[in-house]
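Q: Here's the letter readout for the chains.
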Amino acid sequence: MKLVDRATGLLPWAMAALLIAGVVHIVSVLLMPLVAPRHAYARLVEAAKSDRPANAETARNGVMLFDPPAPGPQLLPFEDPAMAEGVCLFDLAKGPLRLRADIDSGDYLGLSFHDPSGAIFHSMTDRAANKGKIDIIVGDARQIEEMETSDSDETPPQETRLTAPSPLGFVLIRALAKRPSDYERARASVEAISCEIEPEP
Amino acid sequence: MRAPFDKYMRAFWTMLCGLALGFGVTAATLKSGCGFGAFRVGPWTAWPRAGGPEIDPYARAVLARRGEAPLGRDEGLVFVASADSAGGPLDGRCDYRVADPLPAARYWTLGLATASGAPLANPAERLGYTSADIVRREGGAFELVISRQARPGNWLSPGEANSFVLVLRLYETPLDTAARLDPARFLKIVKLGCE
Chain P
1 MKLVDRATGL
11 LPWAMAALLI
21 AGVVHIVSVL
31 LMPLVAPRHA
41 YARLVEAAKS
51 DRPANAETAR
61 NGVMLFDPPA
71 PGPQLLPFED
81 PAMAEGVCLF
91 DLAKGPLRLR
101 ADIDSGDYLG
111 LSFHDPSGAI
121 FHSMTDRAAN
131 KGKIDIIVGD
141 ARQIEEMETS
151 DSDETPPQET
161 RLTAPSPLGF
171 VLIRALAKRP
181 SDYERARASV
191 EAISCEIEPE
201 P
Chain F
1 MRAPFDKYMR
11 AFWTMLCGLA
21 LGFGVTAATL
31 KSGCGFGAFR
41 VGPWTAWPRA
51 GGPEIDPYAR
61 AVLARRGEAP
71 LGRDEGLVFV
81 ASADSAGGPL
91 DGRCDYRVAD
101 PLPAARYWTL
111 GLATASGAPL
121 ANPAERLGYT
131 SADIVRREGG
141 AFELVISRQA
151 RPGNWLSPGE
161 ANSFVLVLRL
171 YETPLDTAAR
181 LDPARFLKIV
191 KLGCE
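Line by line, the protein sequences are chains P and F. The first sequence begins at 1 in my numbering and counts up one residue at a time. The second sequence begins at 1 in my numbering and counts up one residue at a time.
These aren't lab readings, by the way, just hints derived from the structure by calculation. Note that the structure is a prediction, hence the values are computed from the model and not measured. Glycine residues also receive a C-beta, built at the ideal position from the N, C-alpha and C atoms. Just so you know, not all the hints are guaranteed correct.
Partner residues are not named here, just some residues of chain P that face chain F (Cβ under 8 Å, in silico) [to be verified]:
no., residue
1, P33
2, L65
3, P68
4, P69
5, S105
6, G106
7, Y183
8, R187
Derived lysine-lysine pairs resembling BS3-like cross-links, with alpha carbons at most 27 Å apart [as the list claims (entries may be wrong)]:
no., chain 1, residue 1, chain 2, residue 2
9, P, K94, P, K49
10, P, K133, P, K178
11, P, K49, P, K2
12, P, K178, F, K7
13, P, K2, F, K7
14, P, K133, P, K94
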């Protein structure tokens, strides 16, 4: 009898503990992208800032090239060693990002647009090129809206416009080297891409 | 005199238990994978929803914690296998044969990695194969052997690693991830024997 009394006395506390556990679990999962110390964006910014880049070359045309893939931990985990890669970091507070690429080789080129946690808000490949060119503007909602209002009716915009969900983020560029000997060529096609801050209208 | 104080202690322990349990559950779920919407074919698992805007909070948390930048769904699909087709964990001391068929894709690549996604150091000095440089038999079928000992043909070595994962990336694949796929129509991983 005493045991039952004790159990019923503890039951409300156990329920309260479970409720707290549920709240803590949900909040910690939702906050993880913000508080994770080594998320993709943090890794890339660190690599871009370091004076002697261990894992990445310095920026050219706004594109930071990754080191050739090698055994051991890489700048980002689970990247394909068959890909030559580069990244454009953007901060929309400085203005919209304009990415231009000429597609002529016919080899695979992938572009993925990420928020700082690594989640993707848009992705495309070279197949999406228009007349051999990829021309993209990434902006926040206000910047894209301003561009749309300043459009004239006669000349439709040539570029693709993407609204980023957060002011910070990055564009990951992956070019496939079909054979190990193609790596330099794939890397050159990443290097040929330009990422610039677009002056606002 | 003792009773009210006792209640405070209980409330304190309740909160502590709640916190520990909550964080414990978070740690366990984030360790186990990429949230909802897993696409499984035999030993292979892909997370098609992690590559698009419809990503769920669990997948988002997993990516942030690992520091991973996934492949976009329009770019392709990544499959990871940590077991062979019979269900046994992949062991670096064992030999495996990986064989056709594969779903349609513009290109694919196949490589070995550690469970945390780093390429493996190996004496073959090859981190993976692509659909363009793998050696095929007449008719287009191929076979790849994973072994520490050098093998003729398509050979990948796990080096000194004891456990590893196989990573298959299908670039620009029309694969329908809403439907079930028969494991017989996907890459098979067959254990050949162990040291």
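Q: Against chain F, with CB atoms and a cut of 8 Å, does the hint on G106 (chain P) hold up?
A: Violated: closest Cβ of chain F sits about 11 Å from G106 (chain P), beyond 8 Å.
Q: Y183 (chain P) was flagged as interface toward chain F. Is the shortest Cβ-Cβ separation under 8 Å?
A: Constraint on Y183 (chain P) not satisfied, violated at 11 Å.
Q: Given the hinted pair K2 (chain P) and K7 (chain F), is their Cα-Cα distance within 27 Å?
A: Since the Cα atoms of K2 (chain P) and K7 (chain F) sit roughly 19 Å apart, the hinted pair holds (cutoff 27 Å).
Q: Would you settle whether the hint for P68 (chain P) is holds or violated, based on the nearest Cβ-Cβ distance to chain F being less than 8 Å?
A: 10 Å, violated
Q: Does P69 (chain P) hold up as a contact with chain F if the rule is Cβ-Cβ below 8 Å?
A: 6 Å, holds
Q: Tell me if the interface restraint on R187 (chain P) is satisfied: Cβ within less than 8 Å of some Cβ in chain F.
A: Hint violated; R187 (chain P) Cβ to chain F Cβ min 16 Å, cut 8 Å.
Q: Regarding the hint that S105 (chain P) lies at the interface with chain F, is the smallest CB-CB distance below 8 Å?
A: This hint is violated: S105 (chain P) lies away from chain F, its Cβ roughly 13 Å from the closest one there, beyond 8 Å.
Q: For the pair supplied as a hint, K133 (chain P) and K178 (chain P), confirm whether the alpha-carbon distance does not exceed 27 Å.
A: 22 Å, holds
Q: Could you check if L65 (chain P) really has its C-beta closer than 8 Å to a C-beta on chain F?
A: 15 Å, violated
Q: Does the interface hint hold: is P33 (chain P) within less than 8 Å of chain F, judged Cβ to Cβ?
A: Holds - the Cβ of P33 (chain P) comes within 8 Å of chain F, reaching about 4 Å at its closest.
Q: Need the status of pair K94 (chain P), K49 (chain P): alpha-carbon distance at most 27 Å?
A: 18 Å, holds
Q: What's the verdict on K133 (chain P) and K94 (chain P), does the C-alpha distance respect the 27 Å limit or exceed it?
A: 25 Å, holds
In this structure, the hints that do not hold are numbers 2, 3, 5, 6, 7, 8, 11 and 12, in rising order.
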